[in-house]
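K.L.:
Below, each chain spelled out in residue letters.
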Amino acid sequence: MKKYKLSFVTASVYALLLLMVGSWVSIFIVEKASLTLLFTEKNLFYASKFFKGLLGIDEESPAYLHAENWKNALNLTFETLMMSVMATGFATIAAFLTVVPAARNVADGSLTLVKKWHGWLSFGMVRGGYIFSRAVPELVWAMIIIFIFKPGVLPGAIALALHNFGILGKLFAEVIEDLDSRPVRNLSSSGAGRFQLFLYGVLPAALPRFLTYILYRWEVIMRTTIVVGFVGAGGLGQQFKLSMSFFHYTDITLLLFFYLALVFAADYISEKARIFIK
Amino acid sequence: MQEAISLKQISKIYERKIALSSLSFTVNKGELVALIGPSGAGKTTLLNLLAAILPPSQGEILIDGHPLSELMDHKKRAKKIGIIRQQYDLVGELPVIHNVLAGRLSEWGLIKSLLSMLIPQDKEYASQALRRVGLTDKLYEKTSSLSGGEQQRVALARLLVQSPEIVLADEPVASLDPARAEDVLDLLVKIALEEKQTLIASLHSVEYARKYFDRLIALKDGEIFFDLPASSVTDDQIKSLYRLKEIS
Amino acid sequence: MDKRWLSFELHKRKILTLILSLAFIMSLFSVEWNSELIHSKGLETAKQIATAFFTPDLSGDILILAMESSWTTLSYAAAGMSLAIIIAFFYGILASGIVVSEGNIKRYIRPFFRGQLGFMRAIHELVWAWLFVASIGLSPYAAIFALAIPYGGILGRIFADMLEDISPEPIKALEAAGASKLQALWYGYLPLVRANITSYAMYRFECAVRSSAIMSFVGIGGLGYQIQLSLDDLHYDEVWTFVYFLIALVIVIDLWSNQLRKRLVQ
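For the protein sequence lines, the chains are W, L and X, in the order given. Read left to right, the first sequence gives residues 1 to 278 (the working numbering). Read left to right, the second sequence gives residues 1 to 248 (the working numbering). Read left to right, the third sequence gives residues 1 to 266 (the working numbering).
No lab work stands behind these hints, which were simulated from the structure alone. Cβ coordinates follow ideal geometry from the N, Cα and C atoms, glycine included. One should not assume that every hint holds.
Here are the simulated DSBU-like pairs of lysine-lysine, each with C-alpha atoms no more than 30 Å apart in a straight line [to be verified]:
#1 W:LYS170 - X:LYS106
#2 W:LYS49 - W:LYS71
#3 W:LYS272 - X:LYS41
#4 X:LYS14 - W:LYS170
#5 L:LYS17 - L:LYS190
#6 L:LYS112 - L:LYS17
#7 L:LYS112 - W:LYS278
#8 L:LYS17 - W:LYS116
#9 W:LYS278 - X:LYS41
#10 W:LYS116 - L:LYS142
#11 W:LYS116 - L:LYS190
#12 L:LYS142 - W:LYS278
#13 L:LYS123 - W:LYS278
#14 X:LYS47 - W:LYS272
#15 L:LYS196 - L:LYS211
#16 W:LYS278 - X:LYS47
#17 W:LYS71 - W:LYS278
#18 X:LYS262 - W:LYS241
#19 X:LYS14 - W:LYS272
#20 W:LYS170 - X:LYS181
#21 X:LYS262 - L:LYS123
#22 W:LYS150 - X:LYS41
#23 W:LYS241 - X:LYS12
#24 L:LYS17 - W:LYS272
#25 W:LYS150 - X:LYS47
#26 L:LYS190 - L:LYS123
#27 L:LYS112 - X:LYS172
#28 L:LYS112 - L:LYS76
#29 W:LYS116 - L:LYS123
#30 W:LYS170 - X:LYS41
#31 L:LYS8 - L:LYS142
#32 L:LYS8 - L:LYS112
#33 X:LYS41 - L:LYS112
Computed footprint of chain L on chain W; a stretch qualifies when at least three of its residues, placed anywhere within it, have a C-beta under 8 Å from a C-beta of chain L [stated by the list, open to error]:
#34 44 to 56
#35 87 to 99
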């Protein structure tokens, strides 16, 4: 038996190496993308022009020297922050509402001592929904959502939530699956109804991990807000796209600065919060 | 004397094993019964059947004259039957008070259950129960920080709050050292007498069974080996109960 | 109310939950909830998009286009990951400080490399993509580098964490037997983290495929590019075809990754 398992792993590694080699081959030969062409003088010229533009060299009035621009950027930063919190909130709520049937130990009745006929069916449907939700990248969700909603913070939050709901759902379901079912079953013998089982049995044990996952996802969502902004979902990203199209590179430096500040702040808060509840 | 529990021809058959075959006995209200027998004899299975956690393959169980199968609403069932096991009954992360108050869950609705998580409701039930098991100072401790013996006493407190008519105990003292075990058994029996509960406990120590219980039902290989008052059980009977099958 | 009930320890998690919920509710106030939110024809469009979900365009042309785009997306992701792994390998080892002896150098090397990893990770791959496109044009390399850098950063950081988390005993034993720092790395550290890091890398590969798909948003080929084109033409059925291909690609890798991880965690 051991030999078989080893083979799968080794075979996979070889397959992956093959994939990577094949990809490079495809890129070099099929697409004729040459590495040397990359470093031609023309390209280097454009590249340096670009970077100079970013830094505001040779510019009469670089954006980051004007207080007004800083104020605008601050507003956008706040908007982006709200978007990230909203998105995380929507995703969490949606995941909570759907997670119970998505846990294997609920579907087969081992957690709650109650076996419903639709156990595995609900399981499959909810899990399928999760897979669909997380397989579609946030940007694609955003592109679709923008057709329905007018540009703003809400469509961005919804698009981010649509993608992350599947991720959180899967993670939450795994937490429930890892639970020790004995205290829960015992609560059932003491007369606890479904809601009470969840509140007294599942939540106390699962809450720490739930919170950790929520905080981790918030960090990722924070980074992705800039991306949904590209398609018009508001915040720093939208302004980024605008400045890009007008070639106002110094604007972009300012926006990037705030973006990085926001991301680092979110990482910091998330880490502190996780330590707090340890 | 009322019949609290009545088993008629109960069998439980699994794919490869007959766990219980054709058991019949009755237990009267207020009796203290000990289930003894070698491991694998079917004691846990029997208790699970009585608690309606498993359905019997054949036969009928009557509780107070009514079939157990009719007691499907587990809130009503919780008022009739309570169960305590060897360990891991309690939600470790919760403070003791919530675990004890869980006995009230069958009475509480949605809102009250939610509210109690923030501000414990019906606290007097919990404090009284904990007083009776001798753990008043542990009210707000995290349950998992208590010792094994203390945790079993918390489980007893929960049973007190739940106050079912019938108490089933599955090896309640198996993981405790002798001093704690006697404490817990003492409490278990005392409470059952005070609350006029019917108690059925499975034990692997015949000594304890004889010491604390009125009646011994012995199971071997899924059948009743003997069913006698504690005082009339002889040592020879005990020996043959636990004797391993001879390989002939 | 009993003083002890109010003790802090018991309620930490509830407090955090409360804070988070409040933050969420506050965020809802930043939106003006009125009918201005939805396009005038928004609901109608939503219906169209929803119905097209069930009728993806399965004509030969589109299918071939979808398969080509899928390969493009996949190959960029694989190429990007291959670079990311190399970056992660070197940065991870350096950022964990295990090849450097204790002392002043270590004190500065660790934060230096960790900081770089942090910077690489902080910027979303799409932003990197845009930066590369603006400087080297619409070349596949823009996508590849744009994937390699942030993913290298993420993998590198996790790799460094794993190396640091290893219990010191086996390593000390090796060193006592005469191994140098590099030998300890090769024979001690690496075999111990091998399973873990491979499993995490597979998981990230799946993410990379999705990221690669959206690279096309900055103009580089792939499934995302096709999705955008079809959306602009309002051909919702085509859009769903490409989305389905993307989902299929992601699911295949996800399943493969799960199988691999199950067998690695022995």
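K.L.:
Can you list which hints this structure breaks, lowest number first?
P.N.:
When the structure is compared with the hints, numbers 1, 3, 5, 6, 9, 10, 11, 14, 16, 17, 18, 20, 21, 23, 24, 27, 29, 30, 31, 32, 33, 34 and 35 turn out to be violated.
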